[in-house]
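Chain B: place on chain A using the hints.
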Amino acid sequence: MQCAESLRVQAYFDGEVDAISAAEIERHAERCPDCREQLQDLERIRAAFRESVAPEPAPAELRARISRALDEEVRAEKLKAAASKPRRDSRPARAGFWLGLLSGVGGSAVAAALAVMMWLPAASSPFLDELATAHVRSLMPEHLIDVVSSDRHTVKPWFAGHTDVSPTVVDFAAQGFVLVGGRADYLNHQRAAVVVYKHGAHIINVFSWDAGSRTVPASTTRDGYRMLFWKVGDLGYCAVSDTGWDELSELARLLQSSPAA
Amino acid sequence: MDDTRGRFEAQVLPHLDAAYRFARWLSRSASDADDIVQDAVLRAFRGFEALRGSDAKAWLLTIVRNCHATASRQSARRALVPLPEEHDPHDGHAMIATTPDPEHDSISRDDERTFTRLLAALADEHREVLVLREIEEMDYRQIAAVTNVPIGTVMSRLARARAALRAHWRQQTEGAPRAVR
Chain A
1 MQCAESLRVQ
11 AYFDGEVDAI
21 SAAEIERHAE
31 RCPDCREQLQ
41 DLERIRAAFR
51 ESVAPEPAPA
61 ELRARISRAL
71 DEEVRAEKLK
81 AAASKPRRDS
91 RPARAGFWLG
101 LLSGVGGSAV
111 AAALAVMMWL
121 PAASSPFLDE
131 LATAHVRSLM
141 PEHLIDVVSS
151 DRHTVKPWFA
161 GHTDVSPTVV
171 DFAAQGFVLV
181 GGRADYLNHQ
191 RAAVVVYKHG
201 AHIINVFSWD
211 AGSRTVPAST
221 TRDGYRMLFW
231 KVGDLGYCAV
241 SDTGWDELSE
251 LARLLQSSPA
261 A
Chain B
1001 MDDTRGRFEA
1011 QVLPHLDAAY
1021 RFARWLSRSA
1031 SDADDIVQDA
1041 VLRAFRGFEA
1051 LRGSDAKAWL
1061 LTIVRNCHAT
1071 ASRQSARRAL
1081 VPLPEEHDPH
1091 DGHAMIATTP
1101 DPEHDSISRD
1111 DERTFTRLLA
1121 ALADEHREVL
1131 VLREIEEMDY
1141 RQIAAVTNVP
1151 IGTVMSRLAR
1161 ARAALRAHWR
1171 QQTEGAPRAV
1181 R
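Chain order of the listed sequences is A and B.
Residue numbering for the first sequence follows the working numbering, beginning at 1 and increasing consecutively.
Residue numbering for the second sequence follows the working numbering, beginning at 1001 and increasing consecutively.
Isolated chain A (complex conformation) (with noise of 0.2 Å):
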């Protein structure tokens, strides 16, 4: 075992070497008593590992979990991805939405936001590490809300004068999402506007900022925070919260069919 060439030896028991290094080695072993006791050790825990070690396969529960998971997995895409189209119906409706935002705004301030958003790539990781400090420095005493209230027509005209953007704001107590409030934040160079909501014990942000002609980044996990990304029209929407990928995706999909005004 001591022998110089012990590494080239267990090299060629791998079948790790080339022909002509086999032929040498080979030879060498013949010669050196050391390296032929080698090769019986390693062929002895070879033989020990096929004996002994039973091939043991992925438990069938396993498999059955995993395959659970992904199926939510890839209905959390769908979701994303449904979103991101704009949907016939409510399209008259956005339209007007717009239109109002250009003749408020103006169309060269909407070009300018449209430009910063070039910078960004759309599935940046200091973009979801954003995201997840501005979550978890929300849940900081007093960090929450800036503008409390459970009346949208509260919250709505507040996010006016002091964020970017205009999002869908809706209370849907009924549904089991209490609107607790707004809050400004600075996200993606803009002031993005914050939407809180209160399911049971858990606390849900639902971020909305212009994320002009870019896709938003695929739903995702961050510091144990769930991500569920959406878009409507040139809105980006995220919402982050410690709750399930079922209760994200049902106010998801609740925000998405609400008239956007």
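You may find that some hints are simply not true.
What the simulated footprint calls covered on chain B by chain A, stretch by stretch (three residues with Cβ under 8 Å from a Cβ of chain A suffice, anywhere in the stretch; the number is not a length) [stated by the list, open to error]:
1) 1042–1054
2) 1057–1069
3) 1130–1143
4) 1156–1170
Distance ranges between label pairs, derived from CB positions [as the list claims (entries may be wrong)]:
5) A:V148 to B:T1070: 31 to 41 Å
6) A:R36 to B:I1151: 54 to 64 Å
7) A:S213 to B:D1139: 43 to 53 Å
8) B:D1003 to A:A69: 16 to 26 Å
9) A:A218 to B:A1069: 19 to 29 Å
10) A:T133 to B:S1072: 45 to 55 Å
11) B:R1170 to A:D223: 47 to 57 Å
12) B:R1007 to A:R31: 47 to 57 Å
13) A:A173 to B:R1141: 53 to 63 Å
14) A:Q175 to B:R1141: 34 to 44 Å
15) B:R1046 to A:G176: 48 to 58 Å
No wet-lab data here; the hints were simulated from the structure.
All values reported here derive from a predicted model rather than from experimental measurement.
Heads up, the beta-carbon is just placed ideally off N, CA and C, and yes, glycines get one too.
For chain B alone, kept in the frame of chain A given last:
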């Protein structure tokens, strides 16, 4: 999307058994292995585009290994102290079959247990290269990719792992009638 799922199932899921075996040997716990593998497969699915025709098995096992590392760091941080024998690489009792099976209580069964026990008692960095080589039959290049070390390190770890296993084994079976010599 369904297409992605289909390609994923065809390319990656055939290695699920290997992922599970590897997770078992890394974590030395069946329930931990379940969680590690599920986490790893989901991450693999999300990052599936990154695979691009490279070695799916080595890729999945790399993710399994990362998930295991993350899980052990987290459990250490939460101070969920594992049973002492799971922590001590020199204690070989961690992997003993939990329930004795009288029907198979033969000498060969004892040998089997001795061997798996010795294997479980190896240092983590030694056990993982040996498991990848002997159970998963991976070549040095693949092992280097999974364990994220140079091939030279794979070779020296394999040599040390095999020497340690052989030394312990000889010690264990010394004098026994069915000693493997």
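The hints, checked one at a time:
1. 1042–1054: It holds: at least three residues are needed, and the region 1042–1054 of chain B offers 3 whose Cβ sits within less than 8 Å of chain A.
2. 1057–1069: Violated: only 0 residues of the region 1057–1069 of chain B have a Cβ under 8 Å from chain A.
3. 1130–1143: holds (count 5)
4. 1156–1170: holds (count 8)
5. A:V148 to B:T1070: 31 to 41 Å: 38 Å, holds
6. A:R36 to B:I1151: 54 to 64 Å: 25 Å, violated
7. A:S213 to B:D1139: 43 to 53 Å: 46 Å, holds
8. B:D1003 to A:A69: 16 to 26 Å: 19 Å, holds
9. A:A218 to B:A1069: 19 to 29 Å: 24 Å, holds
10. A:T133 to B:S1072: 45 to 55 Å: 26 Å, violated
11. B:R1170 to A:D223: 47 to 57 Å: 49 Å, holds
12. B:R1007 to A:R31: 47 to 57 Å: With Cβ atoms ~53 Å apart, the hint holds.
13. A:A173 to B:R1141: 53 to 63 Å: Holds - the Cβ-Cβ distance for A:A173 and B:R1141, about 59 Å, lies within 53 to 63 Å.
14. A:Q175 to B:R1141: 34 to 44 Å: 54 Å, violated
15. B:R1046 to A:G176: 48 to 58 Å: 28 Å, violated
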